[in-house]
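These protein sequence lines are chains A and B, in that order. Each residue of the first sequence is one higher than the one before, starting from 1 at the first, in the numbering used here. Each residue of the second sequence is one higher than the one before, starting from 1001 at the first, in the numbering used here.
Worth flagging that the hints you see were computed from the coordinates, not collected in a lab. Note that this is a predicted model, so its numbers are computed, not measured. Mixed in with the good hints, there may be bad ones.
Partner residues are not named here, just some residues of chain A that face chain B (Cβ under 10 Å, in silico) [unchecked claim]:
(1) Val91
(2) Leu335
(3) Val338
(4) Arg356
(5) Cys365
(6) Asn384
(7) Lys388
(8) Lys406
SDA-like mimics (lysine to any residue), calculated; alpha carbons at most 25 Å apart, straight line [to be verified]:
(9) Lys392(A) / Leu1047(B)
(10) Lys1024(B) / Lys58(A)
(11) Lys1253(B) / Asp403(A)
(12) Lys26(A) / Gln86(A)
(13) Lys126(A) / Cys154(A)
(14) Lys1161(B) / Val199(A)
(15) Lys1239(B) / Ala412(A)
(16) Lys353(A) / Asp389(A)
(17) Lys29(A) / Ile350(A)
(18) Lys1316(B) / Asp397(A)
(19) Lys58(A) / Glu2(A)
(20) Lys406(A) / Met1237(B)
(21) Lys346(A) / Glu448(A)
(22) Lys55(A) / Thr75(A)
(23) Lys406(A) / Val1232(B)
(24) Lys1253(B) / Ile350(A)
(25) Lys1053(B) / Phe1348(B)
We put the CB at the ideal spot given by N, CA and C, even for glycine.
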Amino acid sequence: MEYAVEMLNITKVFPGIIANDDVTLKVEKGEIHALLGENGAGKSTLMSILFGAYKPEKGKIRINGQDANIVNSNTATDLGIGMVHQHFKLVHNYTVTENIVLGIEGTMTKDMLPGLSNSASPAARKCGKIFNKVFKNMMPLDFDLARDKIRRLCKQYGFDLNPDDLIENISVGQQQKVEILKTLYRDADIIIFDEPSAVLTPQEIDELLQIILKLKNEGKTIILITHKLKEIKAVADKCTILRRGRYIDCVNVKTTTEDELASLMVGRAVKFNIDKGVSKPAEVVFEMKNVSSDNELGVEKIHDLSLSIRRGEIVGIAGVDGNGQSELLATILGLYPVKSGDMFLKGVRINDKSIRERIEMGLGCVPEDRKKHGFVSEFDISMNSIIKDYYKSTFRDSFGVLDVSKSDKRAASLIKAFDIRCGQGVRSAVGSLSGGNQQKVIIAREIELKPDFIIFSQPTRGLDVGAIEGIRKRIIEERDRGAGIMLISFELAEIMNLCDRIAAISKGTINGIKNADETNESEIGLLMAGKKAE
Amino acid sequence: MGLDNKKGKLLGHDRDELINLADKALKREGVISVIVVLLGFLLGTLLIAFVGKNPSGMYSSIWQAITGHNTVTGRFNIRNIGDTLNYLVPFTLCGLSIAFAYRAGLFNIGAEGQYIVGMTVATVCAYYGPKVPVIHAVYCLLMATAAAAAYGGVVGYLKSKFEVSEVVATIMLNYTALYLSRMVCMALPGATTYNTSPFPKTALMKWGPLESMFNGSTINLGILVLVFGLLVYWFIMEKTILGFELKATGFNKNASLASGIPTRRSTILSMAISGAFAGAAGAVVAIGSFTYGRIVSGMDNYGFNGIAVALIGNCKTIGILLAGYLFGVLKQAQQFMQTRGVPREVTFIIQGVIVVFIALRSAAEIMRARISKMKVGDSKAKSGAPASVKAE
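Same shape as in the complex, but just chain B (with noise of 0.2 Å):
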């Protein structure tokens, strides 16, 4: 691009078109997020560097973890790429489940929680639901959405009905349902202090012919089930009447109330809604991912990193899957980046900075008052008169 050439016309009259795309590109949210993602990385690489580490292995390590391709050894494996894909399911899922309240007005930092109780039931019904191919998984991951629904659900009533932040309400029942969870699982055949017993084979999500095409990835159906939530969240926002009811809760509850439409109702059905994606999510990983019921000692943090996930997408369907897949990308590369003696600990900074960056978009807010400030003066000066006058 001409990048020099807008340089040396920055100050003639090439400063008004400069201007104006500045103007343009801040108002696109997608555009923020991009530079808030570069900034992180931007951070990140520094760290490297400060530590006396050498970048590129960072970046060769995301490159192996997005195209299979090790620059190292000069060795291609499409396993790299089935495994990204999977830890993407379940980071875009509880994205969705943290935007899903979000655009309603609510914040769920308890998806981490509901995530434990899809886990928990799908691991359950492995053991006792009905042992038929294909019946059985799809039963597990039902059960286990519908508990997390209802999890979340509860959450929304005590909200529209005593007004109990929901904040303080999901961070509570986030530790509720790990320790019930170790409780529920330590009951299970098998069980030693970390896992249980093998499952049943029907309750797998797996399918070998998408496992040898990725040559034994983890990758597993999960990713179909990641596709219709996807769907059903877009459609639900976008094409139902629920979705303007919540949108319009959203944004402005008071203007909704008074319009007649039913708040609590949306307020209710927005986090039980958005517990069932978190409850998705910990079905997938619980019977996808793994072929043992897991006693968690700690939490996965799917769920939290599904805030980040959400913001970053800013609550746009595109926006979820491209920020949950780089999410994805971030934790396949971490094994890499071991390997070629960068810190790890580096991926989990570069996440932390991008949240702390997020609140750029206000930023951004303050920028394109600056430069329609400039615009004003621009308009002023050359006709003499105001182009809009109304405040005062």
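Just chain A, with the same shape it has in the complex (with noise of 0.2 Å):
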């Protein structure tokens, strides 16, 4: 059988780790193959390998049984390598067909002069060359041919993309078309996708599948990198597991399970459902009325948004990446202004409350981007434990001088109950934790101020297994101390896991709430993508 790529024995280290570990992954010609892992297994690196971006410490590529150099992602390109990124590399504003050729606009300059180059003599000839070739930084460009390949290129896989449409105008789902585009107009046959479906709401994902499905038809070679196994059994021809940098197996997707996927990427048998026990809410603890709030931009993110979270309930926020969910954490914690309407906590209005205010009144947050406003990574977990109540006369001496010790045991006692791995003990500079820790860390913190309403966004994101099932049965613990939980997430799977309620936001307003026993994957999907609820 022919290989389109061969990569043999790979192993490539970073500063104190190794991403990939003798790693060999063997694509042939015309399938599609998953490459599965958990977050930090090392998919990306190899894919960042096979297309240039890294060079490995051993090992060896071959593309379409030609041994390859890949210097950098020309050479990829060259190769008839492609790549989707999962976080798309577009200009906002720029045109469908600018993205398209960006990189590649010094091949499309118009001939200015036309006389000469076409010219019957050698020497004019010459001359019209060397013209082009000096001034080509100067010159229009000639976007006709690139818009004709475009539309051919549409009309071939069909997409409904309209070439001279700018980018911030089009949907997350065109958007990655247009990055597929990229790659088919740089005649790649050989189609690599990162993580492709993370930003999409389910009804996207079965549209992506069958664009793959059809690339595939058209004799593409495809490499979908994911850890979604649904995803896996419903294209994918072959799959190649990888778990902690190493190669485990490369198995026939077809004659393989979900469970033994699922068991091979964890390394053990994995419980996919959460046993959460009956919810026996209480009163309401949060609450929003036709909320509205700005982001730092002045753009209206939140708008006319209303909720209710009662104690001892789960109540999840599911949507698509970029529908509000960070400016919703951010309007309830206080970093943005509430431009109209008004919030409760506790059944008081909350609107004028400074961000401390809240906080000693019981609003406790987990955000969803750690190190930007989880933690302070140079601070140790001794100092970053205290950051919520540092000014309270617990952490003080009997000088009014903060004490140490004081916090030092708080650390440690949180270090023990919540079993976060550290080199130095509360000494240990919370930056230098894994991810797994320092969310550890981060909630450790919280629930010790027993807040009555938690806002959990992303709790597992980028978290392995082991730590994700901790973390999920915390969030559950809380609600059965009898907290108000928001659990922001962008895997639709966590939240009908976990949650008691599940409320759909899109562009910034609640599109409508479900009991999470009565609903399902796809009628939340339509909430998700702004379908109003019959």
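With the hints as a guide, bring both chains together as one complex.
Okay, here's the thing in structure tokens:
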């Protein structure tokens, strides 16, 4: 069998870690090959090596049977490799066409002296050539050819794209198609998809999978990086599994079950559903009534949003990234002022309360961007553990001076209770911990303050399965303690699993609330996409 | 030390040890500062040799500034030590000023302007203050400090309220301070183009016994102000709630804000306290080193050099003191260098080079990354298993 891509015994070392340890990936021509692994398994590193972003310490790459030395993305492109990045690399105020030709626009300058370049005399032709070369960067671009090619490709693959639309005016799903077109425009035969479904609604994911199948039918070879088993089962032929930077297995997807894939990925049998018990909702602890707020650029990102959360229940905020989740968190926390409407915490209006007052009233928060909002990475665990209540007399000695031994005591008890793995105990800088342990530090600190209402935003993003299980258990414990919980997550499966009620957010407003046991993913998906509930 | 011994074993099993040693050394910020300073001197030495002078003149000058021992004449004069210590005071206070703002995440280029404000206010108060011994000098110092604190605090207020860049604002306010100072001092008693009439004796920070102890040196009680300043800096930064807030804001403003820390107050206060340190430096120079008011035509550059002092000292109390001493020594050595035919401008070049090389901190990070890569490679080769694997 002929292989399109062979990556043999690849080893890539980063400071302090081995991202790929003797990994081998063989992709046959014309197949859809999934690359499965948890966060941190080394999938993206492996693909970055294939695309020329990193140079491996050891190993060999063969493309279509030929040894290849890929030094940068240009060599990769020349070899017919294209990559659809997870985070789109698009210029928002450029059109679809301009974005697609970006980087190869030098090949499409207009010939300014056609009289010379097409003349019979070789000397004149040479002059024309030299002129065009010298003044290449000042030549007007000829977009007509590019536009035609894009139209042709759109028709071939059934994309509903207008080459002259600005990126900022098209949906995320369409933007992804632009990314796919970029690779097709450069005549890629091998297309890498890096977590392509992370930013899409369930309906858009279905469409994407159709596109991937279509690409395969047109003879392309596809490498699909993902940790979503359902997608692999739906489209992939083969699946290579990585775990902790090592090659585990390469299996035939048709003959392997989802459970088998999952246990290969994690290294043990995985419990997909969490036993969360029955919720006992009590009185309303947090309420928003027709709240609107602007982000720091003055754009109204939260629009007429109403929601109420009771003690003892977990309310999930389901939505596609960018529909106001971060702004919702910032508004509740007090980072963005409320423009209109009212917010109540335990029955008290908090619109004009400062952040500290809200915290003192019992608002807890595990922010989505740990490093940015969650902790001070240069501070040790001890200092981070008191960052919300350091000013209280509990942390001072009799002279009113900060007493480190008191914060150390708290930090030590948190480390023990939450099994935080750290090198230097309470003195470990939080920035030096692994992501899971950083998250534990934040959650431990928040829970220590016994808040009445806690927002968990993307609490398990980027963490390994073990840490995820522990954190989910904590969330349920907090619910059973009697706190009201808001869970913001881009992973619908997490929301379906954990929540008692699910609120779909779309364009900054709640587009419908369902009881978790009376709904399903596709109903929530439609609400997330902005369709009104009937 | 067994340097050649190590060299010999470099390819043997001692390599690991050496790598570990290098890693540990580069982890310590102090080591980097020392390396940077040494590099600065190395370049200065080469430069002197390049222009055909004898570099030993520079080192004997520095020796004299530190110990008071003149290697050319063989004579010892404690006065040199006193003068060096007197230079150390404004450098270190300005270093504290920059460092204080820096720890709170602000770059106070305006220490020079705040220094001038302090100097001017001290000069004015020297004429119009209560002419009671001790109280008069303390009054001058306090007024100067307060005025400079206000001058810095305004920038902090603009920054926290209107997002005005503290860098731009303070640069501009440096010039405002300079020309304001000239206007004010021109109106003082006995003003010529250069100076005003002598201060009343009560306003001076001079103390006879100290002067005679150092053989008539310019050293004065400003040294006490410095000791107090160092203590205040250390205490606020390490022991108080305010210090906790400032450091948190400096490291991560977003997380601090989200945790309920009043970051606006931190910004204003840190700029004000930063200004207070620079203002104290100005007062010490005005009524300590001089006995008359100066009508400044240019900047003294203590404030600007404070940036280098803070960076070399890595914003740590002891580090700033040592860096301030280095700058004091270099300044004192300048006059000796001239008598030995070595261009004194070399010291400025050394200072400049040191500031440029401070960028080596990031180079050190890169070195450490390389070293840890070597380590991982080794451990893998040995055990065949990765020590820790987590990133993608």
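The hints, checked one at a time:
{"no.": "1", "hint": "Val91", "result": "violated, 26 Å"}
{"no.": "2", "hint": "Leu335", "result": "holds, 7 Å"}
{"no.": "3", "hint": "Val338", "result": "violated, 17 Å"}
{"no.": "4", "hint": "Arg356", "result": "holds, 3 Å"}
{"no.": "5", "hint": "Cys365", "result": "holds, 7 Å"}
{"no.": "6", "hint": "Asn384", "result": "holds, 9 Å"}
{"no.": "7", "hint": "Lys388", "result": "holds, 5 Å"}
{"no.": "8", "hint": "Lys406", "result": "violated, 13 Å"}
{"no.": "9", "hint": "Lys392(A) / Leu1047(B)", "result": "violated, 57 Å"}
{"no.": "10", "hint": "Lys1024(B) / Lys58(A)", "result": "violated, 28 Å"}
{"no.": "11", "hint": "Lys1253(B) / Asp403(A)", "result": "holds, 23 Å"}
{"no.": "12", "hint": "Lys26(A) / Gln86(A)", "result": "holds, 22 Å"}
{"no.": "13", "hint": "Lys126(A) / Cys154(A)", "result": "violated, 37 Å"}
{"no.": "14", "hint": "Lys1161(B) / Val199(A)", "result": "violated, 36 Å"}
{"no.": "15", "hint": "Lys1239(B) / Ala412(A)", "result": "holds, 20 Å"}
{"no.": "16", "hint": "Lys353(A) / Asp389(A)", "result": "holds, 17 Å"}
{"no.": "17", "hint": "Lys29(A) / Ile350(A)", "result": "violated, 60 Å"}
{"no.": "18", "hint": "Lys1316(B) / Asp397(A)", "result": "holds, 24 Å"}
{"no.": "19", "hint": "Lys58(A) / Glu2(A)", "result": "holds, 23 Å"}
{"no.": "20", "hint": "Lys406(A) / Met1237(B)", "result": "holds, 18 Å"}
{"no.": "21", "hint": "Lys346(A) / Glu448(A)", "result": "holds, 19 Å"}
{"no.": "22", "hint": "Lys55(A) / Thr75(A)", "result": "holds, 13 Å"}
{"no.": "23", "hint": "Lys406(A) / Val1232(B)", "result": "holds, 23 Å"}
{"no.": "24", "hint": "Lys1253(B) / Ile350(A)", "result": "holds, 23 Å"}
{"no.": "25", "hint": "Lys1053(B) / Phe1348(B)", "result": "holds, 17 Å"}
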